[in-house]
Amino acid sequence: MKDHIRVACVGNPNCGKTTLFNALTGSRLKVANWPGVTVEKVEGKTEYEGVEIQLVDTPGIYSLTCYTIEEKVTRNCVLEDDIDVIINIVDASSLERNLYLTLQLLELGKPVVLALNMMDIVKERGMEIDLHRLPEMLGHIPVVPVSAARREGLGILLHAVIHHYEEGMEEYLLDYPPQIEDKIEKLQVMFRAQYPTHAAQRWHAIKLLEMDEEVTKDHPIQVTDIVDRSYEKEIIQCKYAHIETIVAETLFYKKGRRGGTDRADALLTHPVWGIPIFLLIMALVFFLTFTVGDALKGILEMGLEALSEAVRGILQAVHTASWLQSLVVDGILMGVGGILTFLPNICILFLALAILEDSGYMARVAYVMDSVMGKVGLSGKAFLPMILGFGCTVPAIMATRALETESDRRKTMLITPFMSCSARLPVYVLFSGMFFGKYSALAALSMYVVGMVIAILSALVINRFQKGKANNSLLIELPEYKRPNPRTIRIYVWNKLKDYLTKAGTTIFLASIVIWFVLNFGPAGLVERPADSFGAILGRWLEPVLAPAGLGMWQIAVALISGISAKEVVVTSFSVLFGVGDAGNGAGLTAVMEGLRAANPDFGPLNAYCLMLFCLLYVPCAATLATVKKESGSLVFTLKMMAFELILAWCAAVLVFQIGSLF
Amino acid sequence: MTLYDAKVGGEYQIRELLVEDAVTRRLEALGLNEGTKILILNRKKKGALILKVRGTRLALGKHIASHIEIREM
Numbered sequence: 000m001k002d003h004i005r006v007a008c009v010g011n012p013n014c015g016k017t018t019l020f021n022a023l024t025g026s027r028l029k030v031a032n033w034p035g036v037t038v039e040k041v042e043g044k045t046e047y048e049g050v051e052i053q054l055v056d057t058p059g060i061y062s063l064t065c066y067t068i069e070e071k072v073t074r075n076c077v078l079e080d081d082i083d084v085i086i087n088i089v090d091a092s093s094l095e096r097n098l099y100l101t102l103q104l105l106e107l108g109k110p111v112v113l114a115l116n117m118m119d120i121v122k123e124r125g126m127e128i129d130l131h132r133l134p135e136m137l138g139h140i141p142v143v144p145v146s147a148a149r150r151e152g153l154g155i156l157l158h159a160v161i162h163h164y165e166e167g168m169e170e171y172l173l174d175y176p177p178q179i180e181d182k183i184e185k186l187q188v189m190f191r192a193q194y195p196t197h198a199a200q201r202w203h204a205i206k207l208l209e210m211d212e213e214v215t216k217d218h219p220i221q222v223t224d225i226v227d228r229s230y231e232k233e234i235i236q237c238k239y240a241h242i243e244t245i246v247a248e249t250l251f252y253k254k255g256r257r258g259g260t261d262r263a264d265a266l267l268t269h270p271v272w273g274i275p276i277f278l279l280i281m282a283l284v285f286f287l288t289f290t291v292g293d294a295l296k297g298i299l300e301m302g303l304e305a306l307s308e309a310v311r312g313i314l315q316a317v318h319t320a321s322w323l324q325s326l327v328v329d330g331i332l333m334g335v336g337g338i339l340t341f342l343p344n345i346c347i348l349f350l351a352l353a354i355l356e357d358s359g360y361m362a363r364v365a366y367v368m369d370s371v372m373g374k375v376g377l378s379g380k381a382f383l384p385m386i387l388g389f390g391c392t393v394p395a396i397m398a399t400r401a402l403e404t405e406s407d408r409r410k411t412m413l414i415t416p417f418m419s420c421s422a423r424l425p426v427y428v429l430f431s432g433m434f435f436g437k438y439s440a441l442a443a444l445s446m447y448v449v450g451m452v453i454a455i456l457s458a459l460v461i462n463r464f465q466k467g468k469a470n471n472s473l474l475i476e477l478p479e480y481k482r483p484n485p486r487t488i489r490i491y492v493w494n495k496l497k498d499y500l501t502k503a504g505t506t507i508f509l510a511s512i513v514i515w516f517v518l519n520f521g522p523a524g525l526v527e528r529p530a531d532s533f534g535a536i537l538g539r540w541l542e543p544v545l546a547p548a549g550l551g552m553w554q555i556a557v558a559l560i561s562g563i564s565a566k567e568v569v570v571t572s573f574s575v576l577f578g579v580g581d582a583g584n585g586a587g588l589t590a591v592m593e594g595l596r597a598a599n600p601d602f603g604p605l606n607a608y609c610l611m612l613f614c615l616l617y618v619p620c621a622a623t624l625a626t627v628k629k630e631s632g633s634l635v636f637t638l639k640m641m642a643f644e645l646i647l648a649w650c651a652a653v654l655v656f657q658i659g660s661l662f
Numbered sequence: 000m001t002l003y004d005a006k007v008g009g010e011y012q013i014r015e016l017l018v019e020d021a022v023t024r025r026l027e028a029l030g031l032n033e034g035t036k037i038l039i040l041n042r043k044k045k046g047a048l049i050l051k052v053r054g055t056r057l058a059l060g061k062h063i064a065s066h067i068e069i070r071e072m
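So the protein lines, in turn, are chains A and B.
Numbering that gives the first Met the number 0 numbers the first residue of the first sequence as 0 and each following residue consecutively.
Numbering that gives the first Met the number 0 numbers the first residue of the second sequence as 0 and each following residue consecutively.
Read the hints as simulated data drawn from the structure, not as lab findings.
Hints are supplied without guarantee of correctness; some may be wrong.
[What the hints assert, rightly or not] Listed below are the simulated BS3-like cross-link pairs for lysine-lysine, each with C-alpha atoms no more than 30 Å apart in a straight line: (1) A/K71 <-> A/K216; (2) A/K481 <-> B/K61; (3) B/K51 <-> A/K122; (4) A/K29 <-> A/K628; (5) A/K481 <-> B/K43; (6) B/K36 <-> A/K122.
From just these sequences and the hints, can you work out the full model?
So this is what it looks like as structure tokens:
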């Protein structure tokens, strides 16, 4: 008996693989109710009855073909990594479609355990599954009802995994019509002769008959006399015909009831009201982020102020050098602390996004926005990464993997940074709060709208010049709506807050120190006034460039350059520049405003708006650039993207400032 | 007729998939095969539609929908 076994969680998108994986391993991976959330395989560990179980979570797939990135990742994992047992997670409420993958997994010849998830929905809908007959019709594999969300049936599942591994797999043969079966047998003999040590020989034979691109390439066999054409269509139809018999014998409808999902969809995907409802939901999300978040922010600010005073007191008491006091209090505490006070806003934003994602609404957005996206040559699916971009651009760029073609991916990568991410939120809160009084929420909200409009306009322009347009038609599964799971939401929000705190502790911490040095040292060493510092010298070079946009101040130039490390750092720079720890509260606001006015008496709401606009559009943060480089695999593309966004930001800000100055 | 001409609430049967090969295979894997019964749940006047097939909902864009031949039941 082996003391450790490797187990892969495989299943359709959205059937609860990651929820189950999290429940089994205690991991905290992101889960959401729309297809394409997991894009890479992830490993974790658990122990049961003294056996160490290494679990691999894989991206959701409908089929073991290799048409999408997700399919390739999962298929290679199941085939090549030494997986001992496959847990096939099945959404029991959608048994018919889910069993298609099951039949393919069974053909691999590896032990498969079927985990029937979402049995509560089955019950709710008045359906019943014959748990005795189902395993009989699937070659006697263990079938275990589980609830990944409520963590039920997990012990039985792990027991079944270990037991089934020790017992081994009965050979399962799906009956194909004689002429196909005949070909499969011949191919299997030939395959065995050429690759005697290979596992899954029947599966390889079937794939050769389907003329599967990768199998044919990796295992060249002279089979032209048997494989005169692709038999994929027939093979798929055989499987579905077989599934129809299974479903007819195992699934019973007690009463036909129209589900809540159909009723909700009648409204949410309404041909006319669908888009207005979506816009209203997003407006509500941001409205809550700004109003409720701001109310909570006050509490943190008071705490920070007290902390700054206490630290300054301690440093003075132990007679620390005054430059060190300044570095710690004015540099680090104000730089990092200023960012931390935005935590409530960010928390609410992610809470709202988590609820949207977990409820099942996200996939509907792809449908609702399909007509708009169609006009710019993208499918509605490309809108999903863009919504994720409201949270953070980095995962949004990774989510473009769910798109079918490389040109779609690049186009979406290019426009996703225009969706205002949570790091730009502090910039909006700070400047709209300072200059727009009671219209501050509106001013901040307008940034989100402007970003979306510019994203779509950019895609439109790119589409005009693009050669060889493909027909990118929408194809997405719409999951059942469900009540958001508190555990899922908690994991999601906590992960995001942790990222934010980590960023505050690393990037922003370092940036604060660097900014403090740049603003406190000049050619003559430690300087009295920041205006004599290196930062000011550098900033003054850029003043003429930024002047037409109403941003011709060296302070702003410094803030914008440092903001490339992370967009929050724009706020950090202002805090350090004007010595304000909590740039958000009343006193802090006045100090920053006074600072700005002292440096430039004409700096008013129009200038502030141009600054916000510039921050929205200019070069994305370093982490985003690195992700774009990695995901596109092209430095040239990344550099072009930087140039495009910089030029666009400048043009937009200049346009707004020049037109605005006329009034 | 094609799926693009289908009416909301109508039940149809797939006759033939005439989209690009790769898309055809994906649709087949999702359970849209020749002879499969479908129900149209929702649609926009010009554009995407939502259908129910084998107990799940799929949203399909105009290009795909207008290249799937169906017959009324």
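Verification of the supplied hints:
no.	hint	in the structure
1	A/K71 <-> A/K216	holds, 14 Å
2	A/K481 <-> B/K61	holds, 28 Å
3	B/K51 <-> A/K122	holds, 20 Å
4	A/K29 <-> A/K628	holds, 23 Å
5	A/K481 <-> B/K43	holds, 24 Å
6	B/K36 <-> A/K122	holds, 24 Å
Comparing the model with each numbered hint stated earlier shows that all of them hold.
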